[in-house]
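Novice: Plus 33 on top of the position in the sequence shown (first one is 1) and you've got my numbering.
No false leads were slipped in.
Label-pair ranges, simulated between beta-carbon atoms:
| hint | residue 1 | residue 2 | range |
| --- | --- | --- | --- |
| 1 | I213 | Q406 | 49 to 57 Å |
| 2 | I324 | L145 | 28 to 36 Å |
| 3 | N429 | D94 | 46 to 54 Å |
| 4 | I186 | N446 | 41 to 49 Å |
| 5 | I324 | E212 | 31 to 39 Å |
| 6 | N243 | L145 | 42 to 50 Å |
| 7 | F425 | I324 | 14 to 22 Å |
| 8 | E240 | R159 | 55 to 63 Å |
Calculated from the structure, these hints are not laboratory results. All C-beta atoms in this analysis are idealised placements derived from N, C-alpha and C, irrespective of residue type, glycine included.
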Amino acid sequence: MSVSWYEFLIMSGIVSGSAIPSVKENVFNWNYNNEKFRVENHLEILGINFSSDYESITILDPQLEFDQIDQLLRRDYCGGQENGEQNIISNISCVEPPIRGVVVQLNRLGLLTAGSCAGHIQQNRRTLPWISFFTRNDTLVASELFKSLSIPIDYYSLDRLQINVTTNELYRLALKLSEIRSVDDVRKGIFKVRKRTLLELLQIPGETGNENSVREYVIAKLKDHKRECRRLFFSVDRQGNILGSTIPSRGLGRGIGRAGQALRKKMMFAAHLDVVQEFSPSDKVVMKGNIVSRERGILGADDRAGVAIILNLLREVGGVRNCPPFKFVFTVGEEQGQYGAEAIDLDFFEDVSFGISLDRQCCRDIVYKSPSQEYSTREFAERVERVSSRIFTEENKYVPCEGGVSDLRVWSNKDTRPCVNLSVGYCKAHSNEEYLDLSCWDRTHQLAKELISRYNPS
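Whenever a hint applies, use it, and build me the whole structure from the sequences.
Specialist: Shown next, in the form of structure tokens:
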């Protein structure tokens, strides 16, 4: 089977597809001289005959057969390390030929790659191709993108995808990706699923002391996640708090954590189930753009926004291989003296290294102290800030600040481990004017995932 020269340039990663404004058979017109000169250099190295004038390149050789591509491209493979933070096309010779086109297309779509391998034959068996990414959110988007193209994913970690495809299928995958103009639809799909969890929670009443319905909803979700993630464990304590972990651990009920595993330190996420006052599900939730409010009464995003984030995290990363273990807590009674948090057995915190509460208003706060109490050091809060700086622009990064009283008061009194409270996007809590900014809420998902992936339990 022969391939057109345009298909060859895409499969080889020499061009991304977005830099060629005009293509006619074997004639390519450029508006950018630097790009044109770079392509000419690659064609010369590969021994492909062409003619060139000021604006165009005309390839003079007959079309290639598909099975000639791999052998030809290995002529300019120099090895090395790719860097998605730079223009990957200018460093394409360091990427293994079969996966070059895929890497170039992913970077064109804004999914920045940190490394890749096209797969190799080792001891009569072939290792599968893999691609790693700079951010965990890009890994998730790439995973959903490959699923939409029916590409089988054999392995999924927080920053790496391993795909079960042959060398020839890698070349064809580059062509498929070149037809996609944007991954916005993929991102929108992820956001839509996240938002569905939030909206379902906002329909469930549950003022302090009456958390049964929302607790049943969360337990049902956890059971769904557990079907896909056998490492998920949870229990309900005598006060009605839900305590859980992504691996067997101490403090989760009789027998859990006795499987011979060493006690490993974990991070912990916390949110509270109760809302400050009753609301009626018949009072509709209203959405205007990214702003969510309720027709009458409180919205209840304090703290259903945090509950939704933890449930979404468990669905998205709870079953991912190599995911650092983490604990989670859904408390009752936060709005009336934090009595649910007060009732949690100290054993539950024994293997916790630090806590992240998801119960702060606004969009960019890292609360590490109240006017009367420190929950963590400023240094620890600044570590969280540095992680946010890696994935967000300066105007969107999270910053350390002082905040009000929450379950953090209890965690801090019970133990010396650092805790911070992250903004989850709600504003004007405890009032009929309460609303939630979905864009801020979604960013906290990204920050939480980045914190998980960067956590070292040692």
